[in-house]
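*Asks:* Single-letter residue listing:
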Amino acid sequence: MSTVPISGRHMPPSVPFTGYQLGASYDEMFSASGVPRAHYGALHRHLLELPDEQMRRRKSVADQSFLHQGITFTVYGKDEGTERIFPHDLVPRIITSTEWSRVERGLEQRIRALNEFLKDIYHEGRILNDNVVPREMVYSCRHFRREMRGLDVPRGIYITVVGTDLIRLPSGEFVILEDNLRVPSGVSYMLTSRQVMKRVFPEWFRQTQVRPIEPYPHALLATLRSLAQEGRPDPTIVLLSPGVFNSAYFEHAFLARQMGIQLVEGRDLVVNDNILYMRTTTGLERVDVIYRRVDDDFIDPLAFRSDSILGVPGLFNSYRAGNVTLANAIGTGIADDKALYAYVPRIIRYYLNEEPIINNVETFLMTEEKERRHVTGNLEKYVVKAVGESGGYGMLIGPHSTADERAEFRTRIETDPRNYIAQPTIQLSTAPCFIDGCIEPRHIDLRPYILFGDKVTIVPGGLTRVALKKGSLVVNSSQGGGSKDTWVVNE
Amino acid sequence: MLSRVADNLYWMSRYLERAEHTARLLDVQLGLILETGQESGDGRWMRLVQCLGITAKPPSEEDPSRLIHWLAFDAASRASIVTAIGTARENARQVREMISSEMWEQVNRMYHDARAISAGGYQDRDPLDFLHEVITGCHLFRGLVSATMNHGEGWQFIRLGRYIERAGLVSTLLDVHFREFLPDGRASIDPGDHLEWIGLLKSCTAFEAYCKVYTAELGAGRIAEFLLLNREFPHSVRYAVDNMQSSLGQLPEGASSQGSSRLHRLAGRLQASLNFSQMDEILADGLSAYLADVQRQCIQIHHVLHQVYIDYPIETAIEA
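Protein chains in written order, with the numbering used here: chain A, 1 to 491; chain B, 1 to 320.
There's no promise every hint is true.
Covered by chain B, per the in silico footprint, the following chain A stretches (three or more residues, Cβ under 8 Å) [what the hints assert, rightly or not]:
| id | region |
| --- | --- |
| 1 | 251 to 260 |
| 2 | 271 to 280 |
Covered stretches of chain B, as calculated for chain A (at least 3 residues, CB under 8 Å) [stated by the list, open to error]:
| id | region |
| --- | --- |
| 3 | 48 to 56 |
| 4 | 250 to 257 |
Keep in mind that the hints were calculated from the coordinates and are not lab data. Beta carbons: idealized from backbone N, C-alpha and C, even for Gly.
Just chain A, with the same shape it has in the complex (with noise of 0.2 Å):
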């Protein structure tokens, strides 16, 4: 990683960097105290040049924007109804061209790789015949659908919007930390807080050269309209939401309105004769394609969960019969099982015949009773998650429990080995941000969005997540985290 030649000296921080203490992590900014990297250089003089009252006024500049907007989510509890904006730091994330461009092509590989493996699991299940990836994990998965079993999607596609989590290493390497196959959110942060950034920093923007990420919504749409049926030559394509109740109703709004497609609740479909309408007012509309953002337990009540209000009965045996598309699929959750993930190497090699770009986490599944053993002896040093859940729920991190959480962990891992895996506790890259009038290090990763159609489109970049509470390296948005523009950049 090049640096601003000061030779092996280390600058005292300067203000507003005073607090600024490097830690084990890699630090995106500073290649070591007071030495900013130099992709960073120029923002580094920016914030050194910047008022400290000048950076609080575009701060609340910002949140006004975001409050107006309504890019809120509502407190409920103590002071019903009051809504709060998602926490955002102003503090750019910066990736160079040549790190990013080997990102875009390790997810490219890795988004490739999964779909083929749906795609055979729920056809012949070659790589179960040929013992890469064990049987019972695949059927033990509660996201596997036997419904899907001999089902063919248009185009084979099963994996259209995929929100992929990557984290960098101490070394400065870039690894995934999970897949996010179902319904990954988060994009119209992403969007959003570009504008934000734009109207708020304008002339940060004039010096450099950010690439752009504005055409998100029209390659969606673009890659939505790819997988109508055959014969519909103007298909009709409609977002699916649970409803304004729904936390990222922000973003389902956001996403319609800026694709010009309709955004419909459960309650505006009915399935007739094995075909799909909208109610409009002057009657009932055919639809072809839904982006879907209910999970695949709330879709159809007859199929599914029979208790859902959200979904539409007879959607999945339109589905069956071909007459709409789905996208995701159903059933692509058994793809993001964090059991499964240890196996996604492998994965990648038994399809492509090619050696992942990316790395994975090192991850111990806790139904080998070698490594069960170790973790469950060691469990301060690990990360333990369920590897149903998401949001930052059903999680361990071990260095900051307690000796009873450990103690409750270990129990539920003896009891239920297949629902557990561990990771090592992972020190996030940590990058600067404006916390009460000074810049401090917090940690991040980072989300790219890819879309899969016709071909693979991933908008440079992505959301970077923040966990603003010093420290900690939870990052979710349910967990008090926050997000920061991320900007790719040639060098």
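Based on these hints, arrange chain B on the given structure of chain A.
*Replies:* Same frame as chain A, but now just chain B:
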């Protein structure tokens, strides 16, 4: 357009019309207190509640500050301005992708401002400031509706909501006022009530417009004629119904053609009555009965509109 979306746009618009009307009526009443010197005891506040067509029981009959709170700031009261803005915004939130960002940001800003005032701190503010902000905010929103979104189907549902609500509100206001200040058997205005009649006109932003047509000389018949039958004044009942009818004419035919023609017949009948009636005849037959009939027809149009475009049975609508 999705039926649910049409429904949300319609109600968003109705609630904003209601918020603006409530704010203006309160504003006028607070002005009248200054001019007449009577703060309570003359049934003014209960009359205001009736003018707004509110059937819920107010918290106090003659304590002005509690009533103002209930009508303006109280988020728990279904009659308050804050609630009307909140409901409008909730409807807007469900159709965010259908309205322009400018519209959404305006209604969202009004909501946050109203919530902040409602949650505390309104005591040390002049309520008039708040009422004026609401009125200006609604004007701004209407301007944005007109300037920033397609004048297509959704826009027509917004107009329908606004004008159905307005026709109902103005006719209720007229009815209550005439029963109070021009009881049976009296033909002309009591000079002591002069300010109240100006107040009635101001409640519909009609005072200046009235003067241009009839001069500042107030006559009960003329006021009724102006607010009920004037073709050009935007807050007259006839104007509202004319616009409602024009919006209905722009809508595509609904899921059932039978229902569509019924809707046009109902709206056409009401429009014809307002276009061709004579004020002296209405007064002779009883204004109150005529206004009650207008209100009944508005409600009927609302129901049929709902049946034709929003809540139709699926069997009648399966694509051929």
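*Asks:* Taking the hints in turn, state whether each one holds.
*Replies:* Cross-check of the supplied hints:
1. For the region 251 to 260 of chain A, the assignment as covered by chain B holds, since 4 residues bring a beta-carbon within under 8 Å of that chain's beta-carbons and 3 suffice.
2. Residues of the region 271 to 280 of chain A lying with their CB closer than 8 Å to a CB of chain B number 5, which satisfies the three-residue condition for coverage.
3. Counting residues of the region 48 to 56 of chain B whose CB lies closer than 8 Å to any CB of chain A gives 0, so the stated coverage by that chain is violated, three being the minimum.
4. With 5 residues having a Cβ less than 8 Å from any Cβ of chain A, the region 250 to 257 of chain B passes the three-residue criterion, so the hint holds.
Hint 3 from the earlier list is the only one contradicted by this structure; the remaining hints agree with it.
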